[in-house]
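A.B. asks: Sequence:
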Amino acid sequence: MHLSRPRIAPLADDQLSPQQREALAPLSAPGRPVLNIFRTLAHAPEALTAFLSWGSYILSKKNALPPREREIVILRTGYLCRSGYEWTQHVEIGKRANLSDAEIAAIKIGGNASNWSPA
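The C-terminal position of the sequence shown is numbered 119 in my numbering, with every residue numbered one higher than the one before it.
One thing to keep in mind: the hints can contain errors.
Stated by the list, open to error - With a straight-line Cα cutoff of 25 Å, these simulated SDA-like cross-link-like pairs (lysine to any residue) come out:
hint: 1; residue 1: K62; residue 2: E46
hint: 2; residue 1: K62; residue 2: A50
hint: 3; residue 1: K108; residue 2: A50
To be clear, the hints were calculated from the coordinates, so they are not data collected in a lab.
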């Protein structure tokens, strides 16, 4: 699931327009680089701003979906979309949300995995 290079390259600082810089500003902090996922989304600053709003909600306590179930959804979606980045990031988050290694492996199989019960 690992790509040899990104499908869309993240923008370097010298490639950013004023609108892109403004969209990335909330993510900037001294000594902390802006993650490549956000530099990639900066190709479409309005989409980046909307994504940040949505992402802040999804990962917050305001989200009615419990963290464990949220991570199952994110991991399955990331796997089906072959997003190595999303998978790698959320395997660790999923473990913190009490997903076992066996459950994480079963997410790749889907609903037919023996780990899951019918809804």
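A.B. asks: Would you mind marking each hint as holding or not holding in the structure?
C.D. replies: Verification of the hints:
1. K62 <-> E46: Holds. K62 to E46 sits at ~23 Å (cutoff 25 Å).
2. K62 <-> A50: Status holds; Cα separation ~17 Å.
3. K108 <-> A50: 29 Å, violated
Hint compliance for this structure: hint 3 alone is broken.
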